[in-house]
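> This is what each chain is made of:
Number of protein chains: 2
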Amino acid sequence: MKLLEERIRKDGKVYAGDVLKVDSFLNHQIDVDFLCEVGKEFYHIYKDCGVNKILTVEASGIGVACLTAQYFHCPAVFAKKSKTSNIGNDFWSAKAHSYTHGTDNTLIVSKSYLGKGDRVLILDDFLANGCAATAMAELCEQAGAAVVGVGAVIEKAYQKGGDALRKSGFRVESLARIASMSPEDGIRFCE
Amino acid sequence: MKLLEERIRKDGKVYAGDVLKVDSFLNHQIDVDFLCEVGKEFYHIYKDCGVNKILTVEASGIGVACLTAQYFHCPAVFAKKSKTSNIGNDFWSAKAHSYTHGTDNTLIVSKSYLGKGDRVLILDDFLANGCAATAMAELCEQAGAAVVGVGAVIEKAYQKGGDALRKSGFRVESLARIASMSPEDGIRFCE
Numbered sequence: 000m001k002l003l004e005e006r007i008r009k010d011g012k013v014y015a016g017d018v019l020k021v022d023s024f025l026n027h028q029i030d031v032d033f034l035c036e037v038g039k040e041f042y043h044i045y046k047d048c049g050v051n052k053i054l055t056v057e058a059s060g061i062g063v064a065c066l067t068a069q070y071f072h073c074p075a076v077f078a079k080k081s082k083t084s085n086i087g088n089d090f091w092s093a094k095a096h097s098y099t100h101g102t103d104n105t106l107i108v109s110k111s112y113l114g115k116g117d118r119v120l121i122l123d124d125f126l127a128n129g130c131a132a133t134a135m136a137e138l139c140e141q142a143g144a145a146v147v148g149v150g151a152v153i154e155k156a157y158q159k160g161g162d163a164l165r166k167s168g169f170r171v172e173s174l175a176r177i178a179s180m181s182p183e184d185g186i187r188f189c190e
Numbered sequence: 000m001k002l003l004e005e006r007i008r009k010d011g012k013v014y015a016g017d018v019l020k021v022d023s024f025l026n027h028q029i030d031v032d033f034l035c036e037v038g039k040e041f042y043h044i045y046k047d048c049g050v051n052k053i054l055t056v057e058a059s060g061i062g063v064a065c066l067t068a069q070y071f072h073c074p075a076v077f078a079k080k081s082k083t084s085n086i087g088n089d090f091w092s093a094k095a096h097s098y099t100h101g102t103d104n105t106l107i108v109s110k111s112y113l114g115k116g117d118r119v120l121i122l123d124d125f126l127a128n129g130c131a132a133t134a135m136a137e138l139c140e141q142a143g144a145a146v147v148g149v150g151a152v153i154e155k156a157y158q159k160g161g162d163a164l165r166k167s168g169f170r171v172e173s174l175a176r177i178a179s180m181s182p183e184d185g186i187r188f189c190e
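In order, the protein sequence lines correspond to chains E and R.
Residue numbers for the first sequence follow numbering that gives the first Met the number 0, so the first one is 0 and each next one is one higher.
Residue numbers for the second sequence follow numbering that gives the first Met the number 0, so the first one is 0 and each next one is one higher.
I should point out that these hints are in silico values taken from the structure, not numbers from a laboratory.
It cannot be assumed that every hint is accurate.
As the list claims (entries may be wrong) - Here are the computed distance ranges between Cβ atoms for each label pair:
id, chain 1, residue 1, chain 2, residue 2, range
1, E, Gly-16, R, Asp-17, 37 to 47 Å
2, R, Gly-143, E, Asp-47, 44 to 54 Å
3, R, Ser-111, E, Lys-46, 30 to 40 Å
For glycine and all other residues, C-beta sits at the position ideal for the given N, C-alpha and C.
The shape of chain E in the complex, shown without the other chains (with noise of 0.2 Å):
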C-alpha cells in the first residue's frame, strides 16, 4: 500500500533495537482517516473469504481492527491479555511472548465470543516474530473457528513471523513489508 510506505517513510522513526516507531498515527496516536484507508484496504484484499469477525489483542490492534471490520459490517473480537474480574471462566486460551514489552502474556477469548461456523481474520498493528498472531490463530483452533486470513498493517519480513504462518498455509497480507530498517540507513521496503 503506496500511501502507507510514504506515511511511515515521512513520519516513522527508527530507533536502535529494532524499533519502528510509528506512534503518531498508529499506535498511540491514531489517525483514524488514515485508517479508514487501511481498513478499505483489507476489506478489498478479503472482502470475498466470508470473513464474519475480526480478531485481534488489546490494545494497538483494537484501532485498526475496528475501522476495518466496519467495511465487512461483522463484530471485532479483541483477545485480553489479562483475565479481567468480568470475563468468566470459559474462555479460550493461549500463550504468547511479546519481544516488544518484555513480557510472556496470556491472550484469552470469552468462549461466547469464537466458536465453530466462525471464518476470521486476523488483524494486528505489527507482524515480526509472528508470536500474537501465532497464538491467536490457536485460540480458533482451540475454537473451531476457520481463520481465513492473517493481516498486518507493517511487516518486519526480516524476521521469521510472516514466513512461518505462510508456511503454515495461513493466507498472510501486510500492507507495508519492511525488508531492512536501521537508525544510520532508514527504511527499505520490500519489492
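Fit chain R to the supplied structure of chain E, relying on the hints for placement.
Quick look at chain R alone, frame taken from chain E:
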C-alpha cells in the same frame, strides 16, 4: 439513546458486585456497526465544539474513540496504563484507580500528542466513579489542552463520577444513564 438502552436491556447482564456485563457488543466483542451509531450520536452532541482530538484510555475505550473520531475527522489518542518500551520519556501522567480491575494505574500520554491548542473530547465505554475520566482531564490540564466534553457510552448515574465531573464544570454526556441495577430487579434507566 433509545437504541442503546434497548441493546443494554437485551444483551447486558447484571451480576452481583455492581457488574454490568456488556462484552457481547461493547468491550470484548465489539458490534462495530452499532458503535458507528454511537459514534454518530457523540458527533451530533459535540459537533459544534471544535473538537480536534479524542482522548480515551486503553483498552476498552479504543473502539468507541476510533469509531467516533471518524465522524469528527480527527485523531484518537489512547492513554496507556503502563510505560511501554517505545513511548520515550516525554509524557504527561496521572494516577487512576480501577475499581473494575482492583488496580492503580498511571495513565500516560506522550507530550507529542496532547498539547496547547488541542480541543479534546474525552470518551470511554463506562463512567462510574469517574477515576479514568478525571485522570484524563488531568492529562489535558497538564498539557494545556481544553476539555470540551466528557462522553460515556454508559453511565452508572448512581455512582458519583458523572455528577462530580459536572460540578467541576465539564460537559458530561452519557448515551445511557443507569439509575439503578441489580441481578434481581434488572436495570432501570434515568428518565
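> Return the numbers of the hints above that this structure violates; sort them in rising order.
none
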